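Produce the complete structure using the sequences and hints provided.
Quick note: the sequence shown uses the numbering used here, first residue 1, plus one each step.
It should be emphasised that the hints constitute simulated quantities derived from the structure, not laboratory data. Nothing here was measured: the structure is a model prediction, and the numbers come from that model. Don't take each hint at face value.
[Stated by the list, open to error] Result set (DSS-like, lysine-lysine): computed pairs, CA atoms no more than 30 Å apart in a straight line: (1) Lys60 with Lys29; (2) Lys116 with Lys126; (3) Lys29 with Lys126; (4) Lys80 with Lys29; (5) Lys116 with Lys60; (6) Lys21 with Lys126; (7) Lys21 with Lys116; (8) Lys116 with Lys29; (9) Lys60 with Lys21; (10) Lys60 with Lys80.
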Amino acid sequence: MLSEYEQIKLLLKNKSQNNNKEELTRLRKEIPTFECTPGCHDCCGPVTTSAEEMSRLPYKTDAEHEAALNEYNCVHLGPKGCTVYEERPLICRLFGTTPRMPCPNERRPVEMIDVKVEGQIHHYIKNTRQVLV
Numbered sequence: 001m002l003s004e005y006e007q008i009k010l011l012l013k014n015k016s017q018n019n020n021k022e023e024l025t026r027l028r029k030e031i032p033t034f035e036c037t038p039g040c041h042d043c044c045g046p047v048t049t050s051a052e053e054m055s056r057l058p059y060k061t062d063a064e065h066e067a068a069l070n071e072y073n074c075v076h077l078g079p080k081g082c083t084v085y086e087e088r089p090l091i092c093r094l095f096g097t098t099p100r101m102p103c104p105n106e107r108r109p110v111e112m113i114d115v116k117v118e119g120q121i122h123h124y125i126k127n128t129r130q131v132l133v
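Here is the structure:
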């Protein structure tokens, strides 16, 4: 029996992913960045992500996922913070860049995300198969 992660990998092979990949790359470039408080992981927790984004993340076993969920953590949260920061999903990248998802430490980019881009990100999330990370 295949794990959900392995099923997603197979789905990606059978699906035309170029459009999602291009859209994901474009959206990631549109999200402003800022420096988080070192060691903070207040906005880290279980989140959903698209199959395309999941394929960029290191494989974690079902047991690792379950252990993280039991602690209400993301499976990619390590002792010093996010272990996949450069590849983190869109939803994680939005934290702190929009007034609707403020940083608990009041950090933010110089300019917040463009409202249209934020809408496009939510549209992408809504219209792609999401799995729990």
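Given the hinted pair Lys21 and Lys116, is their alpha-carbon gap at most 30 Å? It holds: about 19 Å lies between the C-alpha atoms, which stays within 30 Å.
Given the proposed pairing of Lys21 with Lys126, does the C-alpha separation stay at or below 30 Å? holds (16 Å)
Hint consistency between Lys80 and Lys29 [alpha-carbon to alpha-carbon, up to 30 Å]: holds (25 Å)
Just to be careful, I want the Cα atoms of Lys116 and Lys126 compared with a cutoff of 30 Å; is the pair within it? holds (15 Å)
Holds or violated: are the alpha carbons of Lys29 and Lys126 at most 30 Å from each other? holds (19 Å)
Within a Cα-Cα threshold of 30 Å, do Lys60 and Lys21 meet the stated pairing? At roughly 22 Å apart (the allowed maximum being 30 Å), Lys21 and Lys60 satisfy the hint.
Is it true that the CA of Lys60 sits at most 30 Å from the CA of Lys29? holds (26 Å)
If you draw a straight line from the CA of Lys116 to the CA of Lys60, is it 30 Å or shorter? Not OK: Lys116 and Lys60 at ~34 Å, beyond 30 Å, violated.
Is Lys60 close enough to Lys80, meaning Cα to Cα at most 30 Å? holds (18 Å)
Pair hint outcome, Lys116 versus Lys29 [Cα-Cα no greater than 30 Å]: Holds, at about 14 Å.
In this structure, only the earlier hint numbered 5 is contradicted, and the remaining ones agree with it.
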